[in-house]
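Q: Read top to bottom, the protein sequences are chains B and W.
Quick note: to get our numbering, add 37 to the position in the first sequence (first position is 1).
Quick note: to get our numbering, add 79 to the position in the second sequence (first position is 1).
Honestly, the hints are just simulated from the structure, not real lab data.
Certain hints may be false.
[Claimed, not checked] BS3-like mimics (lysine-lysine), calculated; alpha carbons at most 30 Å apart, straight line: (1) K79(B) to K150(W); (2) K94(B) to K101(W); (3) K121(W) to K115(B); (4) K147(W) to K79(B); (5) K101(W) to K79(B); (6) K101(W) to K137(W); (7) K79(B) to K120(B).
[Claimed, not checked] Reference listing, derived: stretches of chain W covered by chain B, where coverage requires no fewer than 3 residues with Cβ under 8 Å from a Cβ of chain B: (8) 121-131; (9) 168-179.
Only a predicted model underlies this, so the values are computations on that prediction, with no experimental measurement involved.
Glycine included, C-beta positions come from ideal geometry on N, C-alpha and C.
Listed below are the residues making up each chain.
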Amino acid sequence: EPEVTQTPSHQVTQMGQEVILRCVPISNHLYFYWYRQILGQKVEFLVSFYNNEISEKSEIFDDQFSVERPDGSNFTLKIRSTKLEDSAMYFCASTIYPDSWGVNYGYTFGSGTRLTVV
Amino acid sequence: GENVEQHPSTLSVQEGDSAVIKCTYSDSASNYFPWYKQELGKGPQLIIDIRSNVGEKKDQRIAVTLNKTAKHFSLHITETQPEDSAVYFCAAINNDMRFGAGTRLTVKP
Numbered sequence: 038e039p040e041v042t043q044t045p046s047h048q049v050t051q052m053g054q055e056v057i058l059r060c061v062p063i064s065n066h067l068y069f070y071w072y073r074q075i076l077g078q079k080v081e082f083l084v085s086f087y088n089n090e091i092s093e094k095s096e097i098f099d100d101q102f103s104v105e106r107p108d109g110s111n112f113t114l115k116i117r118s119t120k121l122e123d124s125a126m127y128f129c130a131s132t133i134y135p136d137s138w139g140v141n142y143g144y145t146f147g148s149g150t151r152l153t154v155v
Numbered sequence: 080g081e082n083v084e085q086h087p088s089t090l091s092v093q094e095g096d097s098a099v100i101k102c103t104y105s106d107s108a109s110n111y112f113p114w115y116k117q118e119l120g121k122g123p124q125l126i127i128d129i130r131s132n133v134g135e136k137k138d139q140r141i142a143v144t145l146n147k148t149a150k151h152f153s154l155h156i157t158e159t160q161p162e163d164s165a166v167y168f169c170a171a172i173n174n175d176m177r178f179g180a181g182t183r184l185t186v187k188p
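Put together the whole structure using the sequences plus the hints.
A: Right under this line is the structure:
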């Protein structure tokens with residue numbers, strides 16, 4: 038079963054520091070996403086990415102956030118100057134199509150990176 | 080953008096009973112409705128989905144129903160087992176996927 042791989046599984050950082058969260062989507066997928074989940078809360082959409090550019094972003098995804106696909110396999114989320122409220126689980130997801138009519142074309146999520154800002 | 084409401088937030092059932100989780104969505108253009116199960120410390124895992132041209136779908140003990148007119152959809156789990164205990168999220172997709180707030184299901188042996 039193909040997987041979305043995220044590293045690291047847990048990252049602790051000082052407030053104000055930059056962090057980069059890494060994801061390797063499934064190889065034949067074309068659309069990539071970042072979501073975050075603050076402890077005990079809902080999974081929130083951050084950004085979608087297709088054809089090397091952002092397709093859509095939420096109000097959470099402000100100027101402190103950026104995404105990049107630096108090579109053919111990695112998809113990264115950078116937080117430039119972390120704040121305490123950035124502490125959350127960050128999930129990467131990928132899919133072939135965002136609204137495909139095919140069977141089992143739902144998003145595939147990685148296991149997440151737990152970011153703790155201290 | 081799309082807004083997905085999910086109820087209840089917590090649900091406790093006895094093993095063998097049925098569990099029903101309900102969601103509503105706001106964007107009539109949404110056309111795909113997946114359900115995810117999230118176990119502690121893991122990412123969401125797709126368990127079943129339904130497209131907007133279908134009213135009902137079943138996969139063993141799990142079924143989903145969709146009412147496009149009312150813009151609501153439901154997850155039904157029959158003959159619940161302790162391993163069904165998890166947080167369940169509904170979602171709706173038009174351009175991107177938006178999640179409901181989640182339901183913590185506890186199945187008591």
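Q: Which numbered hints are broken by the structure, listed smallest first?
A: none
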